[in-house]
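Enquirer: Given chain A's structure and the hints, the job is docking chain B onto it.
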Amino acid sequence: MGLSLKARANPLSSASEQLRILSNSNGFLPFEQKMSAAGLFPLHATGITVFQINVGKLCNQTCAHCHVDAGPDRKEIMTRETAELCIRALAQTDIPNVDITGGAPELNPHFRWLVEQARALGRHVMDRCNLTVLLLNGQTDLPEFLARHEVEIIASLPYYRAAQTDAQRGEGVFEKSIEALRKLNALGYGKEGTGLLLNLIYNPVGAFLPPRQEAIERQFKRELEQKHGVVFNHLYTITNMPISRFLDFLMATENYEGYMERLLNAFNPIAATGVMCRYTISIGWDGTLYDCDFNQMLEMPTGFGAPQHIRDFDAARLHKRRIVTGNHCYGCTAGAGSTCGGSIT
Amino acid sequence: MEVYYHPADLGKFAEMGKGNRELWEKFQSYYSAVFAEGALTEREKALIALAVAHSVQCPYCIDAYTQACLEKGSNIEEMTEAVHVACAIRGGASLVHGVQMRNIAEKLSM
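So the sequences go chain by chain: A and B.
Be aware that the first sequence starts at 1, since it is given in the working numbering, and climbs by one per residue.
Be aware that the second sequence starts at 1001, since it is given in the working numbering, and climbs by one per residue.
Next up, chain A with everything else stripped away, as it sits in the complex (with noise of 0.2 Å):
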């Protein structure tokens, strides 16, 4: 299993490396820019339907598009302590979904309490799950106690083949993932009429835009039911963000140039008014407020007055914030436009 970019020294490990090549727009107009001739700057928050609380970078895979640079040698992690402020502020509101991510957020060994806490408190809870995670020792008790709170799972499966899938997440993982699926199944989870939902996640295995979501997904539940008896509710495709560990990626494959050009090219003005940013606050794991989870790996946090940790929330100021944005925003423009749920249009 590889390294992270931290504790291999890289340069792109830190976040304003990764800001110095982004900024650097020569050949390609700032995205304030783009937005500004469509309309669309500043942009604004509509509302908080979305509590998403990224409980650490610990994660038992190393994949090379991760945009946490998150693996098992990085040891940030949200504290009880913070995980309590979370559930205070989010007690505050009526914001119905609480979206838990990572790293594999279930490492976090606060995880299945910040879940009971939310559940008592009537909220949505999605987990963003690796699928290998379920099979450790010590969480094999998981998939059940997911099912029981009924916690809404959001798996990453970035293709039907094992050779894609294991070139972006390791090696042998693709096997994993479906024998964690296959637990799932057996739960209820992906099944018509058991209120357990089961979606999966798509993004690119390289430099290029996803597909159409419904045309992928189609192609995901035929092969995966035919090959695997695996099923599922909905697949969501998501873009990959140019920065952290795919940023480096395209830095070495050269394909950074390239691919920025196609975000560019694809950009979507449609997209760009339904962007995840206008209606989630993010977490992180010390607490620090962001506008989403990949401007809290740039280390941008919620700013023009904004509350910045989570200790001082307060959902009135936040909810009509103005976005903190970069030229990494076109990830999430670009084409039918890319959200943790999914493609936009």
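Calculated from the structure, these hints are not laboratory results.
Ideal Cβ positions, reconstructed from N, Cα and C, are used throughout, including at glycine.
Check each hint, because a few of them may be wrong.
Stated by the list, open to error - Ranges of calculated distance between the beta carbons of each label pair, as one might list FRET restraints:
id, chain 1, residue 1, chain 2, residue 2, range
1, A, ARG88, B, ILE1062, 54 to 60 Å
2, A, ARG222, B, SER1109, 52 to 58 Å
3, B, ILE1062, A, PRO42, 38 to 44 Å
4, A, ALA252, B, GLU1077, 21 to 27 Å
5, A, ARG148, B, TYR1060, 43 to 49 Å
6, A, ARG218, B, GLU1081, 34 to 40 Å
7, A, ARG222, B, ILE1048, 43 to 49 Å
8, A, ARG88, B, GLU1081, 18 to 24 Å
9, B, PRO1059, A, ALA252, 21 to 27 Å
10, B, GLU1037, A, THR253, 41 to 47 Å
11, B, ILE1048, A, GLU144, 45 to 51 Å
12, B, PRO1059, A, THR79, 53 to 59 Å
Said to hold, decoys possible - A few chain A residues that face chain B, going by a derived Cβ cut-off under 10 Å, partial list only:
id, residue
13, ALA163
14, LEU209
15, PRO211
16, ARG212
17, ALA215
18, ARG218
19, GLN219
20, PHE249
21, ALA252
22, TYR256
23, ARG262
24, ALA316
Claimed, not checked - Listed next, the in silico DSBU-like pairs over lysine-lysine satisfying Cα-Cα at most 30 Å (straight line):
id, chain 1, residue 1, chain 2, residue 2
25, B, LYS1012, A, LYS227
26, A, LYS34, A, LYS75
27, A, LYS221, B, LYS1045
28, A, LYS227, A, LYS34
29, A, LYS176, A, LYS191
30, A, LYS227, A, LYS183
31, B, LYS1107, A, LYS34
32, B, LYS1045, B, LYS1018
33, A, LYS34, B, LYS1018
Expert: Structure of chain B alone, referenced to chain A:
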């Protein structure tokens, strides 16, 4: 001009509209309609285009439709098979003309 083919020229394709806008717009409209989902999916059409691109040996088309195939969800195995289809038809087209060769040879020979 150092080379006849330059990758950046693919992005200049629309400049062909400068000589005759009406014909260019008709071509664009037809092209878009051809590649829209119909009885065949967009993915299937991109694979056909990739095979044809190899058959006509157009480097611009190979560049564009390799990317298009990936962006429609195809994988390298499927794309390789599509190229083999083009190869088989090109090779077969040569070979089947051997029948003509045999016919003529037979007529001329004692």
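Enquirer: Indicate, hint by hint, whether the structure satisfies it.
Expert: Now the hints, each set against the structure:
Distance hint check: the CB atoms of ARG88 of chain A and ILE1062 of chain B are about 58 Å apart, consistent with the given range 54 to 60 Å. For ARG222 of chain A paired with SER1109 of chain B, a C-beta distance near 55 Å keeps the hint of 52 to 58 Å intact. Between ILE1062 of chain B and PRO42 of chain A the C-beta distance comes to about 42 Å, which sits within the given range of 38 to 44 Å. In this structure, ALA252 of chain A and GLU1077 of chain B meet the distance hint of 21 to 27 Å, their C-beta atoms being roughly 25 Å apart.
Between ARG148 of chain A and TYR1060 of chain B the CB atoms are about 56 Å apart, so this pair departs from the stated range of 43 to 49 Å. For ARG218 of chain A paired with GLU1081 of chain B, a C-beta distance near 20 Å fails the hint of 34 to 40 Å. A C-beta distance of roughly 20 Å is found between ARG222 of chain A and ILE1048 of chain B, which places it outside the suggested range of 43 to 49 Å. For ARG88 of chain A and GLU1081 of chain B, the Cβ-Cβ distance of about 57 Å falls outside the hinted range of 18 to 24 Å, so the restraint is violated.
Between PRO1059 of chain B and ALA252 of chain A the C-beta distance comes to about 25 Å, which sits within the given range of 21 to 27 Å. Between GLU1037 of chain B and THR253 of chain A the beta carbon distance is about 31 Å. The supplied range of 41 to 47 Å is therefore violated. Separated by about 47 Å at the C-beta atoms, ILE1048 of chain B and GLU144 of chain A satisfy the suggested range of 45 to 51 Å. For the pair PRO1059 of chain B and THR79 of chain A, the beta carbons lie near 56 Å from each other, so the given range of 53 to 59 Å is met.
For ALA163 of chain A, the shortest C-beta to C-beta distance to chain B is roughly 8 Å, which falls under 10 Å, so the interface hint holds. Contact between LEU209 of chain A and chain B, as hinted, is supported at the beta carbon level, the nearest pair being about 5 Å apart and thus within 10 Å. This hint holds: PRO211 of chain A has a C-beta 4 Å from the nearest C-beta of chain B, less than the 10 Å allowed. Among the interface hints, the one on ARG212 of chain A holds; its C-beta lies about 7 Å from the nearest C-beta in chain B, closer than the 10 Å criterion.
Against a cut-off of 10 Å between C-beta atoms, the interface hint on ALA215 of chain A holds, since the closest Cβ of chain B lies about 6 Å away. At a threshold of 10 Å, the smallest CB-CB gap from ARG218 of chain A to chain B is about 8 Å, leaving the interface hint in force. With 10 Å as the threshold, the beta carbon of GLN219 of chain A comes within range of chain B, its nearest partner Cβ sitting at about 6 Å, so the hint holds. Look at PHE249 of chain A: its Cβ only gets to about 15 Å from chain B, farther than 10 Å, so that hint breaks.
At about 19 Å, the closest approach between the beta carbon of ALA252 of chain A and any beta carbon in chain B exceeds 10 Å, and the interface hint on this residue is violated. A distance limit of 10 Å between C-beta atoms decides the matter here; for TYR256 of chain A the minimum to chain B is near 16 Å, and the interface restraint is violated. The beta carbon of ARG262 of chain A comes within 8 Å of a beta carbon in chain B, closer than 10 Å, and the hint placing it at the interface holds. At a threshold of 10 Å, the smallest CB-CB gap from ALA316 of chain A to chain B is about 42 Å, leaving the interface hint violated.
A distance of roughly 43 Å separates the Cα atoms of LYS1012 of chain B and LYS227 of chain A; the hinted pair therefore is violated under the 30 Å criterion. At most 30 Å may separate the alpha-carbon atoms for a hinted pair to count; LYS34 of chain A and LYS75 of chain A exceed this at roughly 38 Å. In summary, the hint linking LYS221 of chain A to LYS1045 of chain B is supported, as the alpha carbons are separated by about 20 Å, within the 30 Å threshold. Among the hinted pairs, LYS227 of chain A with LYS34 of chain A is inconsistent with the structure: their alpha-carbon atoms are about 44 Å apart, more than 30 Å.
With a C-alpha separation of about 20 Å, the suggested pairing of LYS176 of chain A with LYS191 of chain A holds against the 30 Å cut-off. Proximity of LYS227 of chain A to LYS183 of chain A is assessed by CA-CA distance (about 16 Å); at most 30 Å being required, the pair is judged to hold. Note on LYS1107 of chain B and LYS34 of chain A: the hinted pairing is violated, with a Cα-Cα distance of about 71 Å set against a maximum of 30 Å. Annotation: proposed proximity of LYS1045 of chain B to LYS1018 of chain B holds, straight-line Cα distance about 28 Å (limit 30 Å).
Between LYS34 of chain A and LYS1018 of chain B the alpha-carbon distance is near 26 Å, which keeps this suggested pair within the 30 Å criterion.
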